[in-house]
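S.K.: Chain by chain, the residues run as shown.
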Amino acid sequence: MKRKINFSTAIKEAMFESMKLDQKVIVYGLGVGTSGNIYGTTKGLKEKFGSKRVFDAPAAESALTAMGTGMALSGARPLLIHQRFDFMIYSLDQIVNWISLWSYKSAGKSQIPITIRTVVGKGWGQGPQHAKSLHSWFSNLPGVSVVYPSSPYEAKGLLLGSIFSNFPTIFFESRSLHASVENVPIKPYFLDPTKSFIRKKGKDLTIVGFGPSIVDALRVSDEIEKRKKITCEIVDLRTINPIDEKTIINSLKKTKNLCVIEHGWPNSSVSSDIISIVTKKVKLKNKPLQVCWPQSHVPTSSDLEDKFYFKISEIIQKIEKNFK
Amino acid sequence: MNKNLLKKIYQIMHLIRFSQEHLINIYHPEDKMKCPIHFCKGQEALASCLSQFLVKDDYILSHHRSHGYYISKKCPIDQMVAEFYGKRSGSNEGLAGSQELSYSKNNFYSGTILSGMFSIALGTAYVQKIYNKRNITYTVIGDGGMEEGIVYETLNLASLKSLPILFICENNRYSVHTNINERTKSSNFKKKVESFDIKYIKISEYEIESIFKKLKEAIQYIKSNAKPVFIEYDTMRTCGHVGPEDDDKEHDYRKLDLLKWKNKDSFIDLRKKLIRISNIKSINLIEKRNINIVKSAVTKAQKAKTLNFNTSLKYNLIKKFSNKVKSFAKPSIDFKSNQKTTKLNPY
Ligand SMILES: Cc1ncc(C[n+]2csc(CCOP(=O)(O)OP(=O)(O)O)c2C)c(N)n1
Ligand SMILES: [Mg+2]
Chain A
1 MKRKINFSTA IKEAMFESMK LDQKVIVYGL GVGTSGNIYG TTKGLKEKFG SKRVFDAPAA
61 ESALTAMGTG MALSGARPLL IHQRFDFMIY SLDQIVNWIS LWSYKSAGKS QIPITIRTVV
121 GKGWGQGPQH AKSLHSWFSN LPGVSVVYPS SPYEAKGLLL GSIFSNFPTI FFESRSLHAS
181 VENVPIKPYF LDPTKSFIRK KGKDLTIVGF GPSIVDALRV SDEIEKRKKI TCEIVDLRTI
241 NPIDEKTIIN SLKKTKNLCV IEHGWPNSSV SSDIISIVTK KVKLKNKPLQ VCWPQSHVPT
301 SSDLEDKFYF KISEIIQKIE KNFK
Chain B
325 MNKNLLKKIY QIMHLIRFSQ EHLINIYHPE DKMKCPIHFC KGQEALASCL SQFLVKDDYI
385 LSHHRSHGYY ISKKCPIDQM VAEFYGKRSG SNEGLAGSQE LSYSKNNFYS GTILSGMFSI
445 ALGTAYVQKI YNKRNITYTV IGDGGMEEGI VYETLNLASL KSLPILFICE NNRYSVHTNI
505 NERTKSSNFK KKVESFDIKY IKISEYEIES IFKKLKEAIQ YIKSNAKPVF IEYDTMRTCG
565 HVGPEDDDKE HDYRKLDLLK WKNKDSFIDL RKKLIRISNI KSINLIEKRN INIVKSAVTK
625 AQKAKTLNFN TSLKYNLIKK FSNKVKSFAK PSIDFKSNQK TTKLNPY
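Going down the list, the protein sequences come from chains A and B. Residue numbering for the first sequence follows the numbering used here, beginning at 1 and increasing consecutively. Residue numbering for the second sequence follows the numbering used here, beginning at 325 and increasing consecutively.
Isolated chain A, as found in the complex:
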């Protein structure tokens, strides 16, 4: 049975289901189980599963991540939540030097099945300290999976898939998507956090996106198909580490036109990586397009913020120009 729910409810359901499925799931982080409850997503969790398995924590992101490493090492499935991605940066040593290395250095004998949910803000003056999205940093790293769901259905299934994977996962979540709605099954289900998929079939242009850029891709595709005689194929990456090359390349072999949309900075980014992967393997008809933020910090002022984020009309213009 399916019904329409929004993204944040989907996330909440995934956490409830995971805790019901396995008593080794532990959910914690700053603001978990207290008034804010991570934008409402952890509301009711502590009441249902108790304060040992669901707890708020001191502002000590490094040690909290290390704690998750230790929990995972000893058989638990910790879910650490950062209300804002920017706070997670304190824990880089744990993520890079410990979590990502663990399986490799143990020759696969020991695993760290931790999931880190990290929320990227957007709009209303979130500004330079509450709206960064350094997902690309983590796609550079061996030993961790990085997922970025694009819709409520994806969010629920991917969070469950991530919590019950035996490898570590960083789960990016765009705050701007929290209100988006979709049909989502009531029952728990798992999505493979290592695979991309074709969200929409088309023949002439492949739009590659992930997380919040999928809504952009859908809008762009709707508009373009209305105005031009071309059809768009949308690749929803779902995972940016590992990158599912096969799905991307197969689409490009057909369309031979590429546009990548990414909510993040362009330098050393997932979008530049995708363009590099594709152009090494497929001869494109037109030059590939990269749609990103300017290589500049996110402004607080709402007027400037409005200029900072790319607009659908701009993407369409770029594509049309490219398609002459």
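Read the hints as simulated data drawn from the structure, not as lab findings. Every residue, glycine too, gets a C-beta built ideally from N, C-alpha and C. Careful: at least some of the hints might be erroneous.
Listing some non-contacts, in silico: residues in chain A with all C-beta distances to chain B over 10 Å [what the hints assert, rightly or not]:
| hint | residue |
| --- | --- |
| 1 | Leu21 |
| 2 | Arg53 |
| 3 | Asn97 |
| 4 | Gly157 |
| 5 | Lys246 |
| 6 | Gln295 |
| 7 | Leu304 |
| 8 | Asp306 |
| 9 | Lys307 |
In silico SDA-like cross-links for lysine to any residue, where the CA-CA straight-line distance does not exceed 20 Å [stated by the list, open to error]:
| hint | chain 1 | residue 1 | chain 2 | residue 2 |
| --- | --- | --- | --- | --- |
| 10 | B | Lys667 | A | Asn37 |
| 11 | A | Lys195 | A | Asp273 |
| 12 | A | Lys311 | B | Asp570 |
We have chain A; now place chain B with the ligands onto it with these hints.
M.R.: Below, chain B with the ligands without anything else, positioned relative to chain A:
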């Protein structure tokens, strides 16, 4: 203390001491162990005493100077030495070396980035606590590691959550070649630790009986109060910081310290005592066995094969899932473009 117990401790202590000395001796000119190794010669006593308290489900999470604790957790010498030689038969198939040595079957782990393991102890201990396992997490750190910020986040959380952790700080007063007084105005760990409401125990004696007694007190405290304890163990590294080289000769950085500790070697002290209360023959027998263990480990490691390179690449991310995951659902393509974006508020 009873003679047999002392002998058991001596067996471990000698195994640690001899393995360190032997590996130091053969490191050059053979040059087959091509990795940074932090030998623990001089610092064996606490690990040796600890061996008498450990059970399999206890965790040891150690800093870089880890060999003593690896041995005290009854992990195999063969695999340790092979690991230093970078061989497939090593405990980590040669991918970790000495710096990240581990033996997961016995819950022994170590790592070289300062203070990470100290903090990871929070998680193993938390799981021990909330799932009612009556085990302890032992974590080892040096005086240098105590300088990292994560240490204080960790002490706070350990105390807050009343975790069964024994924090062991091996204070040898040096971080590489820099004396502690050049690194901090306040080398008083007692003050720092107690400010988190954590029980602090100091071991400044070098005799095994005293070390054993204090360790026992610490472990009993953790078990009966379900709270962490911090031990500061004053000790002396009588080898170089890293590698087999004698860095005192080269850098002359701690002459006075060496002098102060000259007659305080726990190993020599225990050996003398055992010869007095037992007999030299039985001591020699213990030593002979240990020497064989180490030498045969070296021979085996020298002959062993290295891991296949392509196999090593597969260890980064092993795509396995919990048995709760029976199958994966198909993607849904319902999602429409006319989505509202989230209205934000200051939270
Ligand atoms: C984060 C970090 N910084 C620096 C180092 C380099 N380093 C390796 S061992 C060491 C000395 C540590 O001293 P201490 O903790 O007292 O341990 P000891 O070597 O004396 O046993 C240093 C600085 C490191 N491994 N990790
Ligand atoms: Mg030191």
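S.K.: Of all the hints given earlier, name the ones this structure violates by number, lowest first.
M.R.: 1, 2, 3, 4, 12
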